Amino acid sequence: MFSPKAPYQGKVVENDKHPHTLTGQTGDANWETAHVTFDHGGNVPYIEGQSIGVIAPGPDKKGETPAKIRLYSIASSAVGDDETSKTVSLCVKRVVEVDGDHANREVGEDKPDKAGTHFPDNKVYRGVCSNHICDLKPGDDVLITGPTGAEMLLPDDPEANIIMLATGTGIAPMRSYLRLLFND
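According to full-length UniProt numbering, the sequence shown holds residues 1 to 184 in order.
If you're looking for bench data, these hints aren't it; they were derived computationally from the structure. Possibly wrong hints are sitting among the right ones.
Straight-line Cα separation of at most 20 Å, EDC-like style, residue types lysine to aspartate or glutamate; simulated pairs [claimed, not checked]:
(1) LYS93 / GLU151
(2) LYS62 / ASP156
(3) LYS17 / GLU151
(4) LYS86 / ASP156
(5) LYS17 / ASP140
(6) LYS11 / GLU151
(7) LYS86 / ASP140
(8) LYS17 / GLU64
(9) LYS11 / ASP81
(10) LYS68 / ASP135
The structure presented is a predicted model; accordingly, all values stated were derived computationally and were not measured.
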């Protein structure tokens with residue numbers, strides 16, 4: 001419906017952040033996830049199983065402007081978390097890498113990875129769009145494209161068994177379907 005050349009400008013309603021720490025034999029791994037809700041005024045209708053695109057302002061890692069669109073699986077049912085059909089929610093993990101290593105280290109910190117490899121410049125790479133979304137505040141504008149993708153229809157039989165598996169999409173599409181199942 002909305003393309004990268006003509007995106008919809010929505011507003012952030014909520015950005016609920018959840019920091020996580022996992023302690024293991026090689027040290028702590030830290031990350032953050034966010035449940036972010038955008039108001040689209042009912043202008044971006046979607047159904048469970050689809051994705052929307054978000055365009056971060058400014059250049060991407062390669063200096064291209066605007067940054068390329070990033071697709072995120074929708075985490076809310078078609079009526080939105082507030083059941084008005086005017087919002088859409090995403091579950092986003094903040095992406096931070098050090099020289100391709102998925103550990104979250106401070107800039108300038110010279111720690112070896114599991115194999116004992118040292119990263120010479122310890123350059124921190126932050127995901128352009130995931131960090132943009134995680135840093136949004138209520139009232140901020142957000143550029144939305146889509147929705148895209150085919151939907152998966154649930155069986156009409158409310159007693160039917162359903163098996164859900166997540167691959168690279170994460171929990172968001174499952175959350176969307178579970179909200180649909182338990183809110184109907």
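So, going through the hints one by one against the coordinates:
1. LYS93 / GLU151: violated (23 Å)
2. LYS62 / ASP156: Violated. LYS62 to ASP156 sits at ~47 Å, over the 20 Å cutoff.
3. LYS17 / GLU151: violated (28 Å)
4. LYS86 / ASP156: Answer violated: LYS86 to ASP156 is near 25 Å, above 20 Å.
5. LYS17 / ASP140: holds (16 Å)
6. LYS11 / GLU151: Status violated; Cα separation ~25 Å.
7. LYS86 / ASP140: holds (16 Å)
8. LYS17 / GLU64: At roughly 28 Å apart (the allowed maximum being 20 Å), GLU64 and LYS17 break the hint.
9. LYS11 / ASP81: Given pair LYS11, ASP81 holds - Cα atoms ~15 Å apart, limit 20 Å.
10. LYS68 / ASP135: Given pair LYS68, ASP135 holds - Cα atoms ~18 Å apart, limit 20 Å.
The structure fails hints 1, 2, 3, 4, 6, 8 (numbered hints given earlier, in ascending order).
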